[in-house]
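The residues making up each chain are set out below.
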Amino acid sequence: EVSGKDYSPTLDVYVIRNLREIVVNEVSFVRKCIATDTSQYDLWGKLICSNFKISFITDDPMPLQRFHYRNLLLGEHDVPLTCIEQIVTVNDHKRKQKVLGPNQKLKFNPTELIIYCKDFRIVRFRFDESGPESAKKVCLAIAHYSQPTDLQLLFAFEYVGKKYHNSGGSGAVGGSNQKTPFFETYSDWDREIKRTGASGWRVCSINEGYMISTCLPEYFVVPSSLADQDLKIFSHSFVGRRMPLWCWSHSNGSALVRMALIKDVLQQRKIDQRICNAITKSHPQRSDVYKSDLDKTLPNIQEIQAAFVKLKQLCVNEPFEETEEKWLSSLENTRWLEYVRAFLKHSAELVYILESRHLSVVLQEEEGRDLSCIVASLVQVMLDPHFRTITGFQSLIQKEWVMAGYQFLDRCNHLKRSEKESPLFLLFLDATWQLLEQYPAAFEFSETYLAVLYDSTRISLFGTFLFNSPHQRVKQSTEFAISKNIQLGDEKGLKFPSVWDWSLQFTAKDRTLFHNPLYIGKSTPCIQNGSVKSFKRTKKSYSSTLRGMPGSLRNGIISDPDLVPRRNSLILKAKPDPPPPPTSQDHGAEQYFREWFSKPADLHGVILPHVSGTHVKLWKLCYFRWVPEAQIHLGGFITAFHKLSLLADEVDALSRTLRQHRAGSLDAGHAGPDESRMYFRVSAHATPGTPDFLSSAFPFSPVGNLCRRSISGTPLSKFLSGAKIWLSTETLANED
Amino acid sequence: MVNITVIFSLQSLFLVGCVPGCLKICANVMSFLLTPLFHFQTSRDGVNWDLSEAVPRLPGETRITDKEVIYICPFNGPIKGRVYITNYRLYLRSLETDSALILDVPLGVISRIEKMGGATSRGENSYGLDITCKDMRNLRFALKQEGHSRRDMFEILTRYAFPLAHSLPIFAFLNEEKFNVDGWTVYNPVEEYRRQGLPNHHWRITFINKCYELCDTYPALLVVPYRASDDDLRRVATFRSRNRIPVLSWIHPENKTVIVRCSQPLVGMSGKRNKDDEKYLDVIRETNRQISKLTIYDARPNVNAVANKATGGGYESDDAYHNAELFFLDIHNIHVMRESLKKVKDIVYPNVEESHWLSSLESTHWLEHIKLVLTGAIQVADRVSSGKSSVLVHCSDGWDRTAQLTSLAMLMLDSFYRSIEGFEILVQKEWISFGHKFASRIGHGDKNHADADRSPIFLQFIDCVWQMSKQFPTAFEFNERFLITILDHLYSCRFGTFLYNCESAREKQKVTERTVSLWSLINSNKDKFKNPFYTKEINRVLYPVASMRHLELWVNYYIRWNPRIKQQPNPVEQRYVELLALRDEYIQRLEELQLASSAKLPDPSTSPAGPSQMMPHVRTHF
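Residue numbers (UniProt numbering), protein chains in the order written: chain A, 1 to 736; chain B, 1 to 622.
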């Protein structure tokens, strides 16, 4: 085993050792194609296939790195194996090409290798000067290792297994930056109940050891009035035994609940009634339940996947100039933006139900683990400013995706079972980006953070995005541990590194690019009418003091805790007035949105999306970052972001100095640069103006990828012919 | 009992959700939404509010009449109001207590006034006036059938909106506004050419057109090759459409390549040649000591250039011009642009086409035209900046597409033009002085709304500038409001800036003496028009990406009348300004604290990073 092989002077050797990566195959004298129209920028080097990624190590040190923003796990030219979508080998002389699947033979010696990546990159290598046999071997190795048939063959298992071996069985893997709750424990859920002030809800442990359902978390939250015994009985009637899961509660007591369909037709009415009664009982005003059938209202996962495939075709695959003329209608025809709109719009309607009509909302979906993830998350991002912070957003993904059993393994297609693939997580990130675009000061994170998060789903190291359910992790890793003789002790399965441990991927300095300089944190003062004010929580704040108070008392002064119905209380107060009949709802929602949009948005309150065609836009950073023709050199929003960061940094520094002055500290100036939360900082030697490495694709460098534009700013170059073939296997008639 | 509300479709509800569907709207919101945002605010400057009526009035503005009408708002339905007509504007104030709707429309934006309904019309609000505006909206008023109120209003509006047809002066000549800056002094051609380093060994300033004898649509002062005599120029003029000979627009400070503009050569069907013209172009080519060919960009599509031969025009052929290479830029003519903008209006006013927004937008071809204009300008700029060759630009007459191309290329090449005053100079030079026919293209004070000479060429140019400012948020000193203000006063007739077709006409009318310049308004209140992100950079060439992937419809201009499309101040810009204020406040507080502590502590150096040390390098540059 070649663990820790020091194969490159330019790569961080520590990382390789730390990962215990194994080099499978390599070939030298490879040319990586950079530009489409000329070979003068091409790079010579060695192409390596490991069990984690493919690497390209340049013979000469990379020319002129003008900025360093790199993933600690990946070199500039590296592609993680799980990010590879398709491998095409070409032989120029014989005019042959073949899409390489796993365990396939290749009857010709490839002169060229084109790798299509899931993140829209296209990477191209030429083997004109390399040994034909070793070139072929590398291609076959890449094909084999990038398309594993079994989950346990993914690199993360290898990595974690070795980690356990070396550390003698302790689960000390990865850093435990654990500000982000994982919702793996009882206490995480309990804290979330308290944070939202939800009364009438309790943590339920009947699924400990996954005794009830293998696609639910071990702990989840249910109406207090439902006893464990009832839940156990009901669970049989639900698809996947997925009974109702509480997601979140509004300060007015309305809850957001997600639930699978009741498959038992005979029991359907009865169980449905019982569940709804219980949810009503958990509402301080005993309000009714509003059900939203997502399967009937929203596009399904196949439609979303089809839209995504078309979007990818359009953004990367088609020759740039040829798609220009019909760009807008082609974009419309992908239906991607239409679907993003549909989810935003539907989520906003549910916000109205929760916030204005004071009704609890139940999201219904067949299995309750696909569309529900998006809608539940978006509703919470709109309603609760906590989820617009970095920690909050991460906890939301833990809560509504990882723990709720979103099938990352199948939907991301880590194992080549393409019929289940669907980019629902990306759709959620895209919809979040729309909100960020419309309310740029309402989020603690930047669009770079969202893009990097999306990329992280393609790195097979983090347990976060690897499994279909928490149970699958436990089951598979226990099996794996047994087969590898790893003593697990008390642990439930192997502990994989978490994606939230960002230090595994980025340095502290690089992580600052996740911060949005526009964000107005709760403690950050802001200027109103020329005077500095600190943000104060409004009356509607998410403190729990007024929670569960009967309607008549909400504006009163009395805050006697006894007046709040106790948790688990079975005594029902008199039911308040019934909500307005459904016919008036159209009008109500209209009124609600109109009023909301007529006032300036409170960035620490509810935010609602504009969903007209002119407002929902294409997320260019994510989809165009590898397309050199679409890059604005020294331009794009990042140039304004840069200026903002400098100013925000300066304001931060001044505020620190002020604080220290007030504290009477004499070494006031010791506000070290490390304290800064900004990537771009004010420094004495920096020249004013836009740094010359900025482009609309920053920080994603185009240099190491497919092409580089030869005339700066002029989209004149044509796309290379090879890139035209993002082929499906069946179109390749001339193989072998 | 538990009442289960089953989901029912809320479709389309959200789309109309933010639309005020009834009249009862918070007062400020209404006036904010329905007045031309920027105009409303700018018109407050130098405006005397007549307190008895609370109707704004400019010095020199006189009241003509007022009437009770019903304003049929396309977004909120009928609103009862009183309309005040002056010799400058139409001003409507709602008479309903729960709405503070205000319309403030300069009569200059009116393109067409039509009567709707007749004496026999039945139905509510079916009798009145329908007014088509040049700025992407229509206004409808319903009036009472009895008492001739419609006839009066129609006649008064027609008279003051179209003064030319009634031998009345355009309002700009009556405007008595005073500003503390004189916008007419912004552009001085000699100074501008001196800034470019002219005259030099190869280029001279000539006064041959002092009395507009050589070319009546050119400015008096021209820059021509040193080696070309005045007689040469006269001979060349005979071979160029409307005598618009090739003259210098811009010279590269280092490589000395130039941008030269002119009209098409008079080649005609027989393929005429002119030795003087050929020699003249060769002289231009040689001015930068390059041996390469002169690049000619003919803005038109190839077929249009060929078709122009039938009317005596044409283009430079290879046989006649050995040392030049010609490229067509495929930009369509004024008629195509006018029709395209009409289609844009169709999909955005009064309602925004929702179901197929992107394909509807595509079918207007507006962005495609923008793309072609920008692509052409990029090519001009790239040629010149790379020093490959000098560039000659023309279209047919050299006052529409040519002005777009030269001015946009100059904006890309020369950062000076990206400042507020620089941009004013650019407009003044490439558009106003070189005879873009503003009077014909806009139809100031003219009632002939269907005139085939009207076309949104200048609007298209401003749109291109906006696209560039979107792609380079830190490169321009001015903000979006600056561009919108220019467009508002392109039509308003409050200023003399855009009146008449050429310099000779303006001189004859003594426009600079008798009217106020738009730049007076802007330059006396520059802060309002400044982009907070502006970073001054010398010598940086800006190449926008002229791709449909980046071009956008300018929603804040084209859809600004629609309250559904929320017009909020740019949140990023707003936050930046807030942070600036915060920084200043902190610095001030620190200074106070320092002062207080230095009174106590004799040695101020104990605080190494106090504001005095910190400020020099933390101050953000502008």
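Hints are supplied without guarantee of correctness; some may be wrong.
[To be verified] Non-contacting residues of chain B with respect to chain A, defined by C-beta distances greater than 10 Å in every case (computed):
(1) S359
(2) E513
(3) P544
(4) S547
(5) P571
[Unchecked claim] Sample of chain B residues with no beta-carbon within 12 Å of chain A, all distances over it, derived:
(6) T158
(7) N180
(8) V190
(9) R194
(10) E213
(11) R235
(12) M269
(13) G271
(14) G312
(15) K437
(16) A475
(17) N525
(18) T535
(19) L579
(20) A581
(21) E585
[Said to hold, decoys possible] Taking CB as the label site, the calculated pair distances span:
(22) A:P319 x B:K343: 23 to 31 Å
(23) A:R95 x B:K343: 22 to 30 Å
(24) A:K617 x B:N525: 26 to 34 Å
(25) A:K326 x B:E354: 19 to 27 Å
(26) A:T185 x B:L595: 41 to 49 Å
(27) B:A452 x A:P600: 39 to 47 Å
(28) B:E354 x A:T185: 14 to 22 Å
It should be emphasised that the hints constitute simulated quantities derived from the structure, not laboratory data.
Glycine is no exception: its CB is placed at the ideal position from the N, C-alpha and C atoms.
Going down the list of hints, with the structure as the test:
Consistency note on S359 of chain B: stated as away from chain A, yet its beta-carbon is not over 10 Å from all of that chain's, at 4 Å minimum. No Cβ of chain A approaches the Cβ of E513 of chain B within 10 Å, the least distance being about 42 Å, so the stated non-interface status holds. At roughly 7 Å from the closest C-beta of chain A, the C-beta of P544 of chain B falls inside 10 Å, breaking its exclusion from the interface. For S547 of chain B, the requirement that its beta carbon stay farther than 10 Å from each beta carbon of chain A is not met, with the minimum near 5 Å.
Distance check for P571 of chain B against chain A: the nearest CB is about 5 Å away, which does not clear 10 Å, and the non-interface claim fails. Residue placement check: T158 of chain B keeps its beta carbon more than 12 Å from all beta carbons of chain A (closest about 35 Å). Its beta-carbon lying about 25 Å from the closest one in chain A, N180 of chain B satisfies the requirement of being farther than 12 Å from that chain. With a closest Cβ-Cβ approach of about 31 Å to chain A, V190 of chain B is found to remain outside the 12 Å limit, as its non-interface label requires.
Once the 12 Å rule is applied to beta carbons, R194 of chain B is consistent with being away from chain A; the minimum gap is 27 Å. At roughly 41 Å from the closest C-beta of chain A, the C-beta of E213 of chain B stays outside 12 Å, upholding its exclusion from the interface. Against the 12 Å criterion, R235 of chain B stays outside the reach of chain A, whose nearest CB is about 37 Å from its own CB. The claim that M269 of chain B is not at the interface with chain A holds, since no C-beta of that chain comes within 12 Å of its own (minimum 33 Å).
Interface exclusion of G271 of chain B from chain A stands, the closest Cβ pair being 32 Å apart, more than 12 Å. At the 12 Å boundary, the C-beta of G312 of chain B stays outside the reach of chain A, the nearest C-beta of that chain being 34 Å off. For K437 of chain B, the requirement that its beta carbon stay farther than 12 Å from each beta carbon of chain A is met, with the minimum near 31 Å. Against chain A, the non-interface label of A475 of chain B is violated: not every CB pair exceeds 12 Å, the least being about 8 Å.
Under the 12 Å C-beta cut-off, the non-interface status given to N525 of chain B relative to chain A holds; the minimum distance is some 19 Å. A beta-carbon of chain A is positioned within 12 Å of the beta-carbon of T535 of chain B; the least distance is around 5 Å. Separation of L579 of chain B from chain A is inadequate, the least Cβ-Cβ distance of about 5 Å not exceeding the 12 Å criterion. Interface exclusion of A581 of chain B from chain A breaks down, the closest Cβ pair being 5 Å apart, not more than 12 Å.
For E585 of chain B, the condition that its CB be more than 12 Å from all CB atoms of chain A is violated, with the nearest at approximately 6 Å. A C-beta distance of roughly 28 Å is found between P319 of chain A and K343 of chain B, which places it inside the suggested range of 23 to 31 Å. Between R95 of chain A and K343 of chain B the beta carbons are some 47 Å apart, a value that contradicts the proposed interval 22 to 30 Å. For K617 of chain A paired with N525 of chain B, a C-beta distance near 33 Å keeps the hint of 26 to 34 Å intact.
Between K326 of chain A and E354 of chain B the C-beta distance comes to about 20 Å, which sits within the given range of 19 to 27 Å. A C-beta distance of roughly 54 Å is found between T185 of chain A and L595 of chain B, which places it outside the suggested range of 41 to 49 Å. One distance hint, 39 to 47 Å for the beta-carbon pair A452 of chain B and P600 of chain A, holds here, with the actual separation near 46 Å. E354 of chain B and T185 of chain A have their C-beta atoms about 47 Å apart, which leaves the hinted 14 to 22 Å range violated.
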